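Colleague: Now for the letters of each chain:
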Amino acid sequence: MRITQGCFSFLPDLTDAQITAQVQYCLDKGWAVNIEFTDDPHPRNTYWDMWGLPMFDLRDAAGIMRELAECRRVYGERYIRISGFDSSHGWESVRLSFLVNRPKEEPGFRLDRQESGGRNIRYSTHGYAAVRPEGERYGS
Amino acid sequence: MTQAATNVEQDDAAPVESVDLRKEFEAVDIASVLAQLDKELIGLVPVKTRIREIASLLLVERIRRKMALASTFPTLHMSFTGNPGTGKTTVALRMANILHRLGFVRRGHVISVTRDDLVGQYIGHTAPKTKEILKKAMGGVLFIDEAYYLYRPENERDYGQEAIEILLQIMESQREDLVVILAGYGDRMEKFFQSNPGFRSRIAHHIDFPDYSETELLSIAELMLSEQNYLMSPEAREAFVRYIAIRKTQPLFSNARSIRNALDRIRLRQANRLVGRLDGVLTSAEVMSIEAADVLASRVFSDGPGMPGTVA
Chain A
1 MRITQGCFSF
11 LPDLTDAQIT
21 AQVQYCLDKG
31 WAVNIEFTDD
41 PHPRNTYWDM
51 WGLPMFDLRD
61 AAGIMRELAE
71 CRRVYGERYI
81 RISGFDSSHG
91 WESVRLSFLV
101 NRPKEEPGFR
111 LDRQESGGRN
121 IRYSTHGYAA
131 VRPEGERYGS
Chain B
1 MTQAATNVEQ
11 DDAAPVESVD
21 LRKEFEAVDI
31 ASVLAQLDKE
41 LIGLVPVKTR
51 IREIASLLLV
61 ERIRRKMALA
71 STFPTLHMSF
81 TGNPGTGKTT
91 VALRMANILH
101 RLGFVRRGHV
111 ISVTRDDLVG
121 QYIGHTAPKT
131 KEILKKAMGG
141 VLFIDEAYYL
151 YRPENERDYG
161 QEAIEILLQI
171 MESQREDLVV
181 ILAGYGDRME
191 KFFQSNPGFR
201 SRIAHHIDFP
211 DYSETELLSI
221 AELMLSEQNY
231 LMSPEAREAF
241 VRYIAIRKTQ
251 PLFSNARSIR
261 NALDRIRLRQ
271 ANRLVGRLDG
281 VLTSAEVMSI
291 EAADVLASRV
301 FSDGPGMPGT
311 VA
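As you go down the protein sequences, you meet chains A and B in turn.
Those letters in the first sequence? Residues 1 to 140, per the numbering used here, in order.
Those letters in the second sequence? Residues 1 to 312, per the numbering used here, in order.
Please keep in mind that the hints were generated in silico from the structure rather than gathered at the bench.
Given the structure is predicted, the values throughout are model-derived calculations rather than measurements.
Covered stretches of chain B (chain A as the covering partner; in silico rule of three or more C-beta atoms under 8 Å from a C-beta of chain A):
hint, segment
1, 102-110
2, 138-148
Interface residues of chain B toward chain A, partial, derived using beta-carbon atoms under 10 Å:
hint, residue
3, Leu134
4, Lys135
5, Ile170
6, Gln174
7, Glu176
8, Asp177
With a Cα cut of at most 27 Å, we get these calculated DSSO-like pairs of lysine-lysine:
hint, chain 1, residue 1, chain 2, residue 2
9, A, Lys29, B, Lys131
10, B, Lys191, B, Lys248
11, A, Lys29, B, Lys129
12, B, Lys48, B, Lys191
13, B, Lys23, B, Lys39
14, B, Lys248, B, Lys39
All C-beta atoms in this analysis are idealised placements derived from N, C-alpha and C, irrespective of residue type, glycine included.
Bound-form chain A, shown alone:
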């Protein structure tokens, strides 16, 4: 199951040229661009690991694309996303975030239904990949 999230989630995966253009857009707006990765695909997982430090004061996307290549080399079998953080007063939050890397095989989710009091049903989603311990979830 192909997991989507963030910006451009209805589009096919972006090519490197397209990612470069998006990153350059962020930099031209004065946002700090960050690279994050995770191997827990659950949509409510907001705690992604950061690759290096947030990159402030950059002018050109080439430096970030170099870091992304390095991150893919190390964590090619995980989800990697790029986010643009706007530090200006009143925003102080992430303005743009999109996936730039995904594992080759994504096993998807199981839906659990739990019958509780009365005729209520509680639902929970359960990532098949998350059964295994962190770091061993996608092949590597």
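Starting from the known structure of chain A, fit chain B onto it as the hints suggest.
Modeller: Just chain B now, kept in the frame of chain A:
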């Protein structure tokens, strides 16, 4: 952004057969940059000639790329050698502008660094620090002042070597993204290149900055003063000519920088002289003018030629 966009277009377009050289020359408008260089920088004839040559080369290279004749990206890393105060930093700024107009760097900003910005203080500190600076310089020019401090042969565990290795690697693999300019004093740079042959082979243009002559120093002083709306009286000018002649023979003379410092102190004395007599009415001519006494009060005259020690 627009620059990057046009570059992409060029890559996609079919190769052209002929190019109107004049139109191409005017389109990138380096003529105005070169004219500005001529106007703002006094002397430095060999440097200007080299920059003109490099600009022509890059213009032709750009046309060759349009005609799909050039396959590899040219090496643009440079080394500026010369004594202190000969205008290396100023020329580096202009160079970035020229490279940007010709489309060889995407943004055209200059990141000016020294050893402290690249080399860390403990194990594992250097690599992230150097990479951080390189990331900031991407798409522009990285200007490394006094580059020979990166290499300290007397300490074999010095972290400078690590910075040099990262630098060399990026200079080779990301030539499209970054132009590195090394600057420093001639003899020490020579030693630096001898002990790091990798640098010499990766640098395409070595430019040597000559010292200024006394007449050039005088015109520099006049240019600086006129920019700040000051005027030297004929006597003050004559005194300043003598000042330059004596100051040049003294140690720690750093060309235009010494002149600028001398002018700062002369302005100080002029201000002191004006404030000294509070009762009069000042005219704008008086506020602008620098008198011989302001120049002659310098300690350079009392110390005489060749005297070591502090300089006033």
